[in-house]
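2 protein chains.
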Amino acid sequence: MAASAGPEIERLIALLSKLPGLGPRSGRRAALALLKKRDTLLAPLTAALVDAQAKVRTCSVCGSLDTSDPCAICSDAARDNRLLCVVEEVGSLWAMERGGSFKGRYHVLGGLLSALDGVGPEALRVGELLGRAKGGEVSEVILALPATVDGQTTAHYLADRLAPTGVSVTMLARGVPVGGDLDWLDDGTIAQALRARRPA
Amino acid sequence: MAASAGPEIERLIALLSKLPGLGPRSGRRAALALLKKRDTLLAPLTAALVDAQAKVRTCSVCGSLDTSDPCAICSDAARDNRLLCVVEEVGSLWAMERGGSFKGRYHVLGGLLSALDGVGPEALRVGELLGRAKGGEVSEVILALPATVDGQTTAHYLADRLAPTGVSVTMLARGVPVGGDLDWLDDGTIAQALRARRPA
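Chain order of the listed sequences is D and A.
The opening residue of the first sequence carries number 1 in UniProt numbering; numbering runs sequentially from there.
The opening residue of the second sequence carries number 1 in UniProt numbering; numbering runs sequentially from there.
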């Protein structure tokens, strides 16, 4: 493939192709775009990557990624210590933050229990979660885990483990998404939304 | 958006989102993947970008990108100096090379004539092309330009400009692509393939 491009460009294409959302063909297009826009794209992206590599670390409290440890959320005094939201990954934490309505703390599990993939509790940050729940400040743990089999298995497991601590354990509501047309919803969601119906 | 991620990560996401094929959402996913795979993805990609920035330059002969100037193709003694293939962009050159059947030299125009976008001949490497065609070694100029309005306008313009040099000017054949089902082809291609029919 494009042996004419020289090993440096080939290596760049191969690495760009590994990014989620890019393949060999779009990786090549991305490499070309970078090489064409040296000053506006290649140089700033290189600097940003060097920066990220040097500065971004995992928060020792919640497991999120930030340039400071503890991260900006963990060290934000305005946030509510009583609410602890458990998410699968940093991406889910960012999604919650974009929602903008949660003002408590987070705990990033680092994955989900999965019998198929052989992921057990010891591979996740479960011990740290129990430690924080027992710490005394937390009064409610909100399990914001995906509505998948693995997500629900993990939620049930965590609820069991958290029960002895006495904190209340809740999970995100299931139902019709905002802007969701019933025609396009799967049967499971409709059934759950019907079961959890509320006064209009 | 994800203000919690810190300015360094936000900058990385914004820059990744500018790559062709990535948007704000996939840019975020790419940034997360990079930060999670520090040693296998972030570090090598950073090194590759630093390398590309330092070493890759535009070939002064053909206009392609390579780490040497003249590029590997221009300095390859085994290639045929009599054949000169004109392409729009470096991406088209790479596509021709993947085909693997062309063993002549290239000339990268750097774009196409476009009345709509206000691209005139002076914005393209037309003068350099005429210079190479007049050089004496070239006997045939192959116009490998896209089968679009701008591509064909540019091809006609170049054919006119090249006529006084006496070199023969050809262009890629139009027809049914390999593996192409007639059902899926547009009428224009079928008409051209019919006009250019040949003995079976």
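Treat the hints loosely; a few may be bogus.
Note that the list lumps identical chains together, so a pair holds whenever it fits in one copy or between two copies.
Taking lysine-lysine and the DSSO-like style, the derived pairs with C-alpha atoms no more than 30 Å apart in a straight line are [to be verified]:
{"id": "1", "residue 1": "K103", "residue 2": "K55"}
{"id": "2", "residue 1": "K134", "residue 2": "K36"}
{"id": "3", "residue 1": "K36", "residue 2": "K103"}
{"id": "4", "residue 1": "K55", "residue 2": "K36"}
{"id": "5", "residue 1": "K134", "residue 2": "K18"}
{"id": "6", "residue 1": "K134", "residue 2": "K103"}
Calculated from the structure, these hints are not laboratory results.
Identical-chain pair category, K55 with K36, by Cα at 30 Å: The answer is both: 28 Å in one copy and 14 Å across copies each meet 30 Å.
- prompt: How would you classify K134 and K103 at a CA-CA limit of 30 Å: within, between, both, or neither?
  reply: Within. Shortest intra-copy distance 20 Å satisfies the 30 Å Cα cut-off; inter-copy 72 Å does not.
- request: Indicate which option fits the pair K103, K55 if close means a Cα-Cα distance not exceeding 30 Å: within, between, both or neither.
  value: Within one copy only: 26 Å inside a chain, 48 Å across chains, cut-off 30 Å.
message: Cα distance capped at 30 Å. Does K134 pair with K18 within a copy, between copies, both, or neither?
response: For K134 and K18, neither the intra-copy (41 Å) nor the inter-copy (44 Å) Cα distance is at most 30 Å.
message: At most 30 Å between CA atoms: does that hold for K134 and K36 within a copy, between copies, both, or neither?
response: For K134 and K36, only the inter-copy Cα distance (29 Å) is at most 30 Å; the intra-copy one is 55 Å.
query: Which holds for K36 with K103 at a C-alpha limit of 30 Å: within a copy, between copies, both or neither?
result: between (43 Å within a copy, 25 Å between copies)
In summary, the one numbered hint that this structure violates is 5.
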